[in-house]
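Student: So the mapping is simple: this note's numbering equals the position in the sequence shown, first residue as 1, plus 7.
Please keep in mind that the hints were generated in silico from the structure rather than gathered at the bench. The C-beta atom is built at its ideal place from N, Cα and C for all residues, glycine as well. Errors might be hidden in some of the hints.
Derived DSSO-like pairs: lysine-lysine, alpha-carbon spacing no greater than 27 Å straight-line [said to hold, decoys possible]:
id : residue 1 : residue 2
1  : K20       : K46
2  : K12       : K46
3  : K12       : K38
4  : K14       : K38
5  : K14       : K46
6  : K38       : K20
Now the in silico label distances, taken between C-beta atoms and shown as ranges [said to hold, decoys possible]:
id : residue 1 : residue 2 : range
7  : Y104      : Q23       : 55 to 63 Å
8  : M108      : M34       : 21 to 29 Å
9  : L35       : R105      : 50 to 58 Å
10 : H28       : S61       : 16 to 24 Å
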Amino acid sequence: MSRAKQKYYVVWKGVQPGIYHTWTDCMLQIKGYEGAIYKSFDSHEDAVSAYNNSPWSYIGHTAKKNDDPSKNKIKPYITESLAVDAACSGNPGNMEYRGVMLKQDRSFFV
8 MSRAKQKYYV
18 VWKGVQPGIY
28 HTWTDCMLQI
38 KGYEGAIYKS
48 FDSHEDAVSA
58 YNNSPWSYIG
68 HTAKKNDDPS
78 KNKIKPYITE
88 SLAVDAACSG
98 NPGNMEYRGV
108 MLKQDRSFFV
């Protein structure tokens, strides 16, 4: 039975910035902390080096890219919508309204 490889977690921005030896300890520092910045490392030396430098030198370097373009498409929540606008020429004046059915790219005036 193989043991899981030891990870080290650097928290640059969190409740208590530092280097943590377990995901649980790291999570306690970042959970609910808005804008938390953290990353895992395979060695203690890499974690110490990272902690002493800018997080932007490390964030995103090992992120896996999604090579399937169909998964990058945003699925719409709204199947149909109407955008409207109105304008008045003078006060009081003539009113003009315009509506656009977004899905059909069709506009109409009132």
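Student: Are there hints from earlier that the structure breaks, and if so, what are their numbers?
Tutor: Of the numbered hints given earlier, the structure breaks just one, which is hint 8.
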